[in-house]
Amino acid sequence: MLGSASLTPSNASMPLTEPSFRVLACGDTALTVEFGEAIDPALNAAVLALEARILAARPAGLVETVPTYRSLTLHIDPLETDPAAVEEAVRELARGALPVPARRRLWHVPVVYGGEHGIDLDRVAEHHGMPAREVVERHAAPEYRVVMLGFLPGYAYLAGLDPRLALSRRPNPRPVTPAGTISIGGAQALVASIAAPSGWHLLGRTPVRSFAPGREPVFLFEPGDAIRFMPTDPARWDALDRAAAAGEWVAERVERDA
Amino acid sequence: MSRAHLLVLECGPATGLQDGGRPGYQRQGLSGSGPMDRLALAAANALVGNAPGVAALELALTGARLRAAGGSVRLALAGAPFGLSIDGEAVGDHRSFQVPDGATLVLRPPRQGLFAYLAVAGGIHVPESLGSRALHLRAALGGLEGRNLRAGDRLPVATCTDAAPDRALVPLPLDADEPVRVVLGPQADHFPDEAVADFLATPYTVSNRADRMGYQLDGQTIRHGGRGFNIVSDATVPGSVQVPGSGLPIILMADRQTTGGYPKIATVISADLRRVAQRRPGEPLRFAPVSVDRAVALAREAAALQAGLAGRLGPVTSREERLMEANLAGDAVDALAP
Numbered sequence: 001m002l003g004s005a006s007l008t009p010s011n012a013s014m015p016l017t018e019p020s021f022r023v024l025a026c027g028d029t030a031l032t033v034e035f036g037e038a039i040d041p042a043l044n045a046a047v048l049a050l051e052a053r054i055l056a057a058r059p060a061g062l063v064e065t066v067p068t069y070r071s072l073t074l075h076i077d078p079l080e081t082d083p084a085a086v087e088e089a090v091r092e093l094a095r096g097a098l099p100v101p102a103r104r105r106l107w108h109v110p111v112v113y114g115g116e117h118g119i120d121l122d123r124v125a126e127h128h129g130m131p132a133r134e135v136v137e138r139h140a141a142p143e144y145r146v147v148m149l150g151f152l153p154g155y156a157y158l159a160g161l162d163p164r165l166a167l168s169r170r171p172n173p174r175p176v177t178p179a180g181t182i183s184i185g186g187a188q189a190l191v192a193s194i195a196a197p198s199g200w201h202l203l204g205r206t207p208v209r210s211f212a213p214g215r216e217p218v219f220l221f222e223p224g225d226a227i228r229f230m231p232t233d234p235a236r237w238d239a240l241d242r243a244a245a246a247g248e249w250v251a252e253r254v255e256r257d258a
Numbered sequence: 001m002s003r004a005h006l007l008v009l010e011c012g013p014a015t016g017l018q019d020g021g022r023p024g025y026q027r028q029g030l031s032g033s034g035p036m037d038r039l040a041l042a043a044a045n046a047l048v049g050n051a052p053g054v055a056a057l058e059l060a061l062t063g064a065r066l067r068a069a070g071g072s073v074r075l076a077l078a079g080a081p082f083g084l085s086i087d088g089e090a091v092g093d094h095r096s097f098q099v100p101d102g103a104t105l106v107l108r109p110p111r112q113g114l115f116a117y118l119a120v121a122g123g124i125h126v127p128e129s130l131g132s133r134a135l136h137l138r139a140a141l142g143g144l145e146g147r148n149l150r151a152g153d154r155l156p157v158a159t160c161t162d163a164a165p166d167r168a169l170v171p172l173p174l175d176a177d178e179p180v181r182v183v184l185g186p187q188a189d190h191f192p193d194e195a196v197a198d199f200l201a202t203p204y205t206v207s208n209r210a211d212r213m214g215y216q217l218d219g220q221t222i223r224h225g226g227r228g229f230n231i232v233s234d235a236t237v238p239g240s241v242q243v244p245g246s247g248l249p250i251i252l253m254a255d256r257q258t259t260g261g262y263p264k265i266a267t268v269i270s271a272d273l274r275r276v277a278q279r280r281p282g283e284p285l286r287f288a289p290v291s292v293d294r295a296v297a298l299a300r301e302a303a304a305l306q307a308g309l310a311g312r313l314g315p316v317t318s319r320e321e322r323l324m325e326a327n328l329a330g331d332a333v334d335a336l337a338p
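Chains as they are written, first to last, in my numbering: chain A, 1 to 258; chain H, 1 to 338.
No lab work stands behind these hints: they were computed from the structure.
Since the model is a prediction, treat every value here as computed from it, not as a measurement.
Idealized CB from N, CA, C, for every residue including glycine.
Heads up, some of the hints might be wrong.
[Unchecked claim] Which stretches of chain H does chain A cover? Using the computed rule of at least three CB atoms under 8 angstroms from a CB of chain A, they are:
1. 117-123
2. 147-160
[Stated by the list, open to error] Facing chain H, according to a computed beta carbon distance under 8 angstroms, are these residues of chain A, among others:
3. S20
4. C26
5. G27
6. T29
7. P78
8. D82
9. P131
10. G154
11. W237
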């Protein structure tokens, strides 16, 4: 089986033991390498490590990869290969210790909490029996990790939410929530890129566009990136939003060694 | 190459531009878009001498009126058989034709099928976004300014300068009565065996909630197993059959969400996705299981059929001759019926 120590990212709290996976059929154009069925930083680390190795090896017929919390889907061209051949290549590539990506990026993301920008902040505070200020502090305290970009372009699903803030989703999803929504659902935190329906709790909003066609890069975040939320004065919203609309990142990127 | 325009005088709400699609961004949450009926796009393009994935108009059920401006243009329509006329004179589908400068092309809704592609010789010269002209409406990306077409739009196209004869193809059968083939999984094991058996044995109908993102089906609800109807999100593929809490399956299509939190009981094989796409709301649909190996073989057959389109082009003949030819060839006559 795979080695354990080398799969553990530097800031992971739990050691990874014997990461095994199974391969699930997704028709003729994809297969999913499933490490587990839970939200678990160790599973996500294994997913990203295997993905890095597969992207470096580029097995014939591989079109693109989609890492998620706990699985890695490989989209393939059935004219150039077939799922069985790709599975064999993956099993070969998964032998031995998987390397942890060498460098990680940290993003400082401005967030205006509460009020019109975070309409659920007070309700979440009331539910947890703490002042709204404490919800903001607890939400802005951790260094989150982008475990998955999915659902819609640039939607960043984050691990690292303070368990004291965890709250099951709203029974009735809202038909529209704005671009840049910063929300929580269950034990997960999210940066939304574009307007969409959502059943999560809206704590705030960022002017950052994690998906912006015409800007370089079009997608700001990558799976594996770290994110810190920076509570921001509502008075700065308009200026930051204008700058972001003009193509500025508005988020600060910090490069560092793993 | 000099420039002409196709001027949109009128069109339905879901008329957009599609090309071969935009692979490579699913890792960032952007699905690949592309045509709902890939073979039909390739056929329309073959008829006007284009490569299979050149951008074309995708029409969905509703008609349109277009005018050639600044030069004559060569067009062809394939897929659902929309009724076509140029300045009031009928012209067939699945053949190329020229629309003279200033003439108006009217497209009337088809009697069967849903999606058709109107290809332009030389393509449609809107800018690419992330390497493709395919419209992804939710992402406001591709197409014309990231949106569907509307009256007043001007599409830059090539002027048709050659005098080459028009070409025709026997319309592609939709095999509407045949079952849609699926590979079970990736989460078939989230359902009791009887629920999987029911899913395969029971006819469904396409509901009104069907668009480029997905086709919600009506019919017998599928019971989830003990693990319920939520999974920790994992990736979807075109053709994923996800079963949300309602128990009614949704087939995910070209503009789908890239990840989802509902278990996926099965995956429609790539060769049959166009047949799902062409089913209208209210029309029946049933499933049949195949192996992954069989699905791969069928994908390769479909690719061979597409690659052979250019070689199957023939002269434009009368409807009667085409009918006879279709009968002799054993192709679906339904697709030709007026």
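Are any of the numbered hints broken by this structure? If so, which, sorted upward?
1, 2, 3, 9 and 11
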